[in-house]
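Guided by the hints, dock chain B onto chain A, whose structure is given.
Residue numbers (our numbering), protein chains in the order written: chain A, 1 to 218; chain B, 1 to 462.
Bear in mind the hints are in silico, worked out from the structure with no lab data behind them. Predicted model, so just to flag it, every value in this text is computed and none were measured. Beta carbons: idealized from backbone N, C-alpha and C, even for Gly. Keep in mind that the hints are not guaranteed to be accurate.
Said to hold, decoys possible - Example chain B residues on the side facing chain A (calculated, C-beta under 10 Å, incomplete):
(1) 3
(2) 7
(3) 23
(4) 32
(5) 88
(6) 91
(7) 121
(8) 134
(9) 170
(10) 234
(11) 238
(12) 240
(13) 269
(14) 270
(15) 271
Unchecked claim - Ranges between beta-carbon positions, derived for each pair:
(16) A/171 with B/113: 51 to 61 Å
(17) A/145 with B/254: 46 to 56 Å
(18) B/19 with A/58: 49 to 59 Å
(19) A/42 with B/81: 55 to 65 Å
(20) A/93 with B/252: 47 to 57 Å
(21) A/206 with B/446: 31 to 41 Å
(22) B/221 with A/206: 38 to 48 Å
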Amino acid sequence: MKTFEEIAEAMSQAVATGDDTQAAAVAREALAAGVEPQRVFEQIIAPTLTEIGDRFQRLEIFLPEMMMAADAAKAVFAVLQPAIEFGKTSLASQGRIVIGTVAGDVHDIGKNMVASMLEVNGFEVINLGCDVPPDAFLRAAREKQADIIAMSSLLTTSLPYMKDVLEVLRESGEQGRFKVMVGGGPVTAEWAQQVGADGYGKDAAEAVTIARRLLQRQ
Amino acid sequence: MRNPPDIIEVLARTQSGEYCTTKDWDTRRVPGAVRQMLQKHGLAKTCDTQNPCNYDFELADRFYQAGFELALELGYHVLDTQRTVKVSREELQNALKYAPSQVFVGEGKDGTLIKHRTPGDPYPMASVCSLGITNSEAMFPLITLGIARERAVDILEAGSLITLRGHEVLSGTPWETLLGYEHARMHLDIRRKAGRPGMGAIGCISAVTEYGQFGAYGTPGGFRTTDLALILFPSELKIDYRTLHKVIHTLNCGGMMKCDSPSMIGGMAGPPEGAVICSIACALLSYAILQNTVGGGEIYDVRYLANVNREGLWALSVTAQALARNTHICSHIIANQVSGPVTASLLYEIAAGVGVIAASGASMSTGPRSAGGKLNDHITPLECRFMGEICHAASGISPQHMNEICKELLPKYEDRLKNPDVGKPFQEAYNVERLEPTAEWEDIYRRVKAEMIQLGIPMDEF
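Just chain A, with the same shape it has in the complex (with noise of 0.2 Å):
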C-alpha cells in the first residue's frame, strides 16, 4: 500500500504531465489506501493546479499542457465524486461556469485558455464550444445548474449576442440566479458595465480573479 505521500508525488506527476488514465488510477489508489477525498482535492490537487496556472503565466508551460493537466485533474474528480458524502454538488468546485464563444463567431483560443485558467483553479467548468447561440447558454446554465455563465467574443458583430442572453434573463427573472461574465478582443469593462454584465475579465488570470468575487458576493 502506497503512503500518502507517494501518492501525492504521483498523483501531482500525473496531473502535471496530463496523463488522465494514471491520474484515475492514482486517485482509485488514494482511495482504496483510505484517504480522505477532501484531502486529495486540498493537499494534492488545488496546489498542483495552482502551480500549473502559474507556469502558465510565466509561459514555462503553454496552453495545451494547462487543458490536458485540466482533464487530468477531471478524471481525478470523477474518481473520488462517487465517494464523498451525498448532497455536494460537487468535491472541488469553487462554482460552476458554463463557457463558451457566442454565436457568429469560430475563435477558441481565449476561450479555452479562460476555460483552463479557471478549471486549473478549482472551478468546475462545462465548455459549450463556439458558435454558442444565446438560448444555448440559457439551456446549459439551467440544466446544469451553473453559478456563472461565461461569454467570449473576439468579432464586434456578435457581441449583441451576449447582450441577447443578458436580456433574456432579465425578461425571464433569472437575472440574480446566474453571474454573466463577458471577455474576448474588442469587449471592454466599460461595455461590459453599459449591458449589465456582472463581470468583466481582460484576460484569463483576472477572469479567475472575477469569478471568485462574483461567487464570493453572493
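This is chain B only, laid out in the frame that chain A set:
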C-alpha cells in the same frame, strides 16, 4: 508534375481527409508535431531575447525547413467536418512555385505594386492602414478620410463599423451582408474624396464572416477585384467552411485574396520557436489549399495579444526572414501595439515592430493596432502616417542594424506592455473639423520621429 489541388479537390478533401477532433488537434496533434520538428531541427530554445531582431539567416533557413515539413505533416484541420486537408510535397512545392512574386493592388497611379522582398531589401514594404479598430458611425468617414489622405499609407483597410444607421449588426445575419456593402461603398467613396480613387484596399473588416464578404467584395460600388479580399481563419492551422466560402467567392469574382491566421506564442504552438514554425506552415499551406495571393506570417503573444515584446519581435523577424529567403511569395506580417494615440509609446512600439518586419523582408504590413484595437475610435491618421513612414524608411536597413535599434527602443516601452497607456480617442487627438492632429499629438510625433532619425531610420526630414 502534380499541380496544387483545385477548389473542388480541396472541398472533397474537407470531407474525405483523416478524422481528428478539434480537441485532439489542439492538445495533441499540433503540439506533438511542433515539438518533434523543434527537436529534429535543433531549434528549441533558440529565441534570443537579447537580440530581438534575428540576423542569423542560417537559423531562419532551418526554421523554414521545419515549417515546410510541419505543413506536410499536419495540413489544415477543418472545424465543420473534423477532417484534415493535407497536401503532398509536390503539391506544396508547385503551389509555392506558381504563387505570385508581385501583385498590383488598386488601379492606375494610385495603386501599389507589392513585391517579394528579401532581408535588407530597399524595395519599400507596402503599408496598409489601419487594423480593424472599431469606429462609431459618426467618426468612421472622418478617420478613414484622414488615413486615406496620408501619402505614406499605400493601401487602405480602415476601422470597423459596429452599427448601421444606429442598429447593432449581428454576426451571421442579413445585417452583416448589408453592413459589408455599406462599408465597402463608403470606403470607395472616401478613397475618391481623398483624391486617390485608384488606391488599393483590403476588405471587409467591418463584417468578417462570409456574409460580410458577399455584400462587400466584387459588388457594384463595393470593393473591386483589384482590391484584396480579407480572409482570416482560426489558429492553429484551422479552417472552416466560412473560410472556404470567402475563398470561393473571391475566385468567382476573379479577385485577389489576403489569407492570414496568427500563430500564438504560449498557445497550441507553445514557445516562440514553435509559433514561428507554425506560422511558416500556415503561410505555406494558404497558397496550396486556399489559393492565396498575398499573406502569411502572423504571430501574437497570448500574454499581451501583441507582438512588440522581445519574444514577439524575435519571432516576427525569423518568420519574415524564413519566408523571404526561401520562397518568392509576398508575405504579410502585422505588428500589434498596445499603447494608444497621443502617447510616445505607441510610436516606439510601431517603430520596433514595423521596423523589424520591414528589415526582415516582409512584403506588406497592416497596422497600427492602436490601444490594442480594443477601444472605440482609438485610432488617428497620424500614427498611420508614422507607420507608413517606418514601413518605407526601414526597408533597406539590415536586420543586424534593426536589432541595434530595437535594443534602444524596447526599454522605452516594454515595462508598460501589460498595463499600457491607451491614450486618447480620435475626437480628443484631432481637430475633427480640420482633420488635423492637436498640437500635443503633433509634438509627440515630431519628437519621436526626430529620435528615429537619430537612431538611424532614414525617415524624411520635416
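How the hints compare with the structure:
About 30 Å separates the beta-carbon of residue 3 of chain B from the nearest beta-carbon of chain A, more than 10 Å, and the hint is not met. With a least beta-carbon distance of about 21 Å to chain A, the hint placing residue 7 of chain B at the interface is violated under the 10 Å criterion. A least Cβ separation of about 8 Å between residue 23 of chain B and chain A falls short of the 10 Å threshold, and the interface hint therefore holds. The interface hint given for residue 32 of chain B holds, since its Cβ lies 9 Å from the closest Cβ of chain A, which is under the 10 Å cut-off.
The criterion of a C-beta within 10 Å of any C-beta in chain A is not met by residue 88 of chain B, whose closest approach is roughly 27 Å, and the hint is violated. Because the smallest distance between the Cβ of residue 91 of chain B and any Cβ of chain A comes to about 26 Å, over 10 Å, the interface hint for this residue is violated. Contact between residue 121 of chain B and chain A, as hinted, is not supported at the beta carbon level, the nearest pair being about 32 Å apart and thus beyond 10 Å. The interface hint given for residue 134 of chain B holds, since its Cβ lies 5 Å from the closest Cβ of chain A, which is under the 10 Å cut-off.
Interface restraint check: residue 170 of chain B against chain A, minimum CB-CB distance 5 Å, threshold 10 Å, status holds. Because the smallest distance between the Cβ of residue 234 of chain B and any Cβ of chain A comes to about 6 Å, under 10 Å, the interface hint for this residue holds. Against a cut-off of 10 Å between C-beta atoms, the interface hint on residue 238 of chain B holds, since the closest Cβ of chain A lies about 8 Å away. The interface hint given for residue 240 of chain B is met, as the beta carbon of that residue sits about 6 Å from the closest beta carbon of chain A, less than 10 Å.
For residue 269 of chain B, the suggested interface contact is upheld, since its CB lies about 8 Å from the closest CB of chain A, less than 10 Å. The interface hint given for residue 270 of chain B is met, as the beta carbon of that residue sits about 4 Å from the closest beta carbon of chain A, less than 10 Å. Against a cut-off of 10 Å between C-beta atoms, the interface hint on residue 271 of chain B holds, since the closest Cβ of chain A lies about 7 Å away. The beta-carbon spacing between residue 171 of chain A and residue 113 of chain B, approximately 56 Å, falls within the hinted interval of 51 to 61 Å.
Taking the beta carbon of each, residue 145 of chain A and residue 254 of chain B are about 55 Å apart, inside 46 to 56 Å as hinted. Look at residue 19 of chain B against residue 58 of chain A: about 36 Å separates their beta carbons, and that is not inside 49 to 59 Å. The beta-carbon spacing between residue 42 of chain A and residue 81 of chain B, approximately 44 Å, falls outside the hinted interval of 55 to 65 Å. Between residue 93 of chain A and residue 252 of chain B the C-beta distance comes to about 51 Å, which sits within the given range of 47 to 57 Å.
Between residue 206 of chain A and residue 446 of chain B the beta carbon distance is about 37 Å. The supplied range of 31 to 41 Å therefore holds. Hint check: residue 221 of chain B to residue 206 of chain A, Cβ distance near 44 Å, so the stated range 38 to 48 Å holds.
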